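Sequence order for the protein chains is S and E.
If you read the first sequence in the working numbering, its first letter stands for residue 3, the second for the next number, and so on.
If you read the second sequence in the working numbering, its first letter stands for residue 19, the second for the next number, and so on.
In case anyone wonders, no lab produced these hints; they're calculated from the structure.
Given the structure is predicted, the values throughout are model-derived calculations rather than measurements.
Keep in mind that a hint or two might mislead.
As the list claims (entries may be wrong) - The following residues of chain S were derived to be distant from chain E, with all beta-carbon distances above 10 Å: (1) Val9; (2) Val16; (3) Val20; (4) His95.
Claimed, not checked - Pairwise CB distance ranges (calculated): (5) E:Arg66 <-> S:Tyr184: 51 to 57 Å; (6) S:Gly102 <-> E:Pro96: 49 to 55 Å; (7) S:Glu11 <-> E:Ser122: 27 to 33 Å; (8) E:Glu90 <-> S:Thr181: 37 to 43 Å; (9) E:Asp81 <-> S:Arg144: 40 to 46 Å; (10) E:Pro96 <-> S:Arg88: 33 to 39 Å; (11) S:Cys170 <-> E:Ser122: 54 to 60 Å; (12) S:Asp21 <-> E:Pro104: 49 to 55 Å; (13) E:Arg66 <-> S:Cys97: 23 to 29 Å.
We treat Cβ as the ideally placed atom computed from N, Cα and C, and that holds for glycine.
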Amino acid sequence: MTEVQQVREDLQYVRAAVDRRSPGLEGAMYPYYASAVYVLVGYILIDINPIYANWWFLSAGLVGSIVGAIFFRRHKSRSEEIDRVRNRQTALHWCLGIIGSVGAGLALAWAVPALRDGPIDGQIQVVLFGMVYLMWGVHRDRSFLVLGPVMIAGGVVVGLIPHYPWTCLGTVIALGLATAGYLVQRDEARRALAR
Amino acid sequence: MSQAGEHAAQIGLDHLDPLLQHRSRLGALVLLSDADAISFTRLRDLLRETDGNLGAQLRKLEDAGYVAVRKEFNNRKPVSWYSLRPAGRAALRSHLKALESLISTANI
């Protein structure tokens with residue numbers, strides 16, 4: 003075997019090792035499914051009783067964050083790989099994205115009193131969340147490239163739907179999140195088969 | 019491959035890092051370049067090597083200052099974490115550059 007052939011075989015070996023490496027988390031689909039339920043219940047509650055919706059978003063969001071952190075910690079101890087940059091980017095994206103969106107919505111409502119009582123403040127919030135989703139799609143998960151614009155458009159259109167507008171929007175977003183979760187699950191299963 | 023191509027490929031081969039001409043060592047460095055740290059078990063599974071062989075190859079990389087090893091206990095089990103050092107990253111970069119020129123001349 004010539005040295006060039008040897009190099010070719012070595013590169014194939016390295017390529018196979020890199021391919022075996024799964025970039026995704028084991029069980030990474032569960033946050034998607036949990037978020038779908040969270041969004042669906044919350045948005046239905048906006049139509050039924052907005053006060054309950056606020057409590058739901060706050061309490062379930064808090065519980066979800068704690069459960070998510072436990073899930074992530076357990077995964078980290080099993081994964082046998084440490085990628086601090088990636089973990090930091092994920093945490094910063096969602097924390098800053100959510101805090102920034104809520105903060106910007108509140109600041110807008112404070113600056114423009116007319117927004118406080120109507121549904122427009124909620125719509126702006128959804129559009130801002132849609133932008134956070136879209137950026138996640140640009141940086142990490144391709145399925146969010148569709149989900150983000152759907153959310154942005156939904157935030158605009160929801161004011162035009164006469165009956166149960168938030169339930170309709172919540173259903174669309176929940177379906178999008180469930181689909182994204184399913185795609186992650188399918189990819190994980192394919193990688194497991196390849197290993 | 020033509021004789022001129024073979025000659026150019028030989029020149030590319032001369033610029034390769036001798037330490038990284040072993041596929042397990044090259045594979046380990048490539049995998050480590052994309053993470054802060056990877057455990058020995060994970061490297062062994064990804065590279066499909068035996069404990070003894072991988073251990074020996076990683077020791078050579080460690081002796082050359084290309085990788086750093088940190089040992090700790092996780093659930094009472096010893097875990098060796100390997101990470102890439104700046105010298106290893108530089109060596110990998112120049113080795114890959116030499117490989118790239120080799121590939122372009124040899125048309126692998």
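These are the hints, each one checked on the structure:
no.	hint	result
1	Val9	violated (7 Å)
2	Val16	violated (5 Å)
3	Val20	violated (6 Å)
4	His95	holds (18 Å)
5	E:Arg66 <-> S:Tyr184: 51 to 57 Å	violated (31 Å)
6	S:Gly102 <-> E:Pro96: 49 to 55 Å	violated (43 Å)
7	S:Glu11 <-> E:Ser122: 27 to 33 Å	violated (18 Å)
8	E:Glu90 <-> S:Thr181: 37 to 43 Å	holds (40 Å)
9	E:Asp81 <-> S:Arg144: 40 to 46 Å	holds (42 Å)
10	E:Pro96 <-> S:Arg88: 33 to 39 Å	violated (26 Å)
11	S:Cys170 <-> E:Ser122: 54 to 60 Å	holds (56 Å)
12	S:Asp21 <-> E:Pro104: 49 to 55 Å	violated (27 Å)
13	E:Arg66 <-> S:Cys97: 23 to 29 Å	violated (39 Å)
Going down the numbered hints, you'll see the structure goes against 1, 2, 3, 5, 6, 7, 10, 12, 13, while the others check out.
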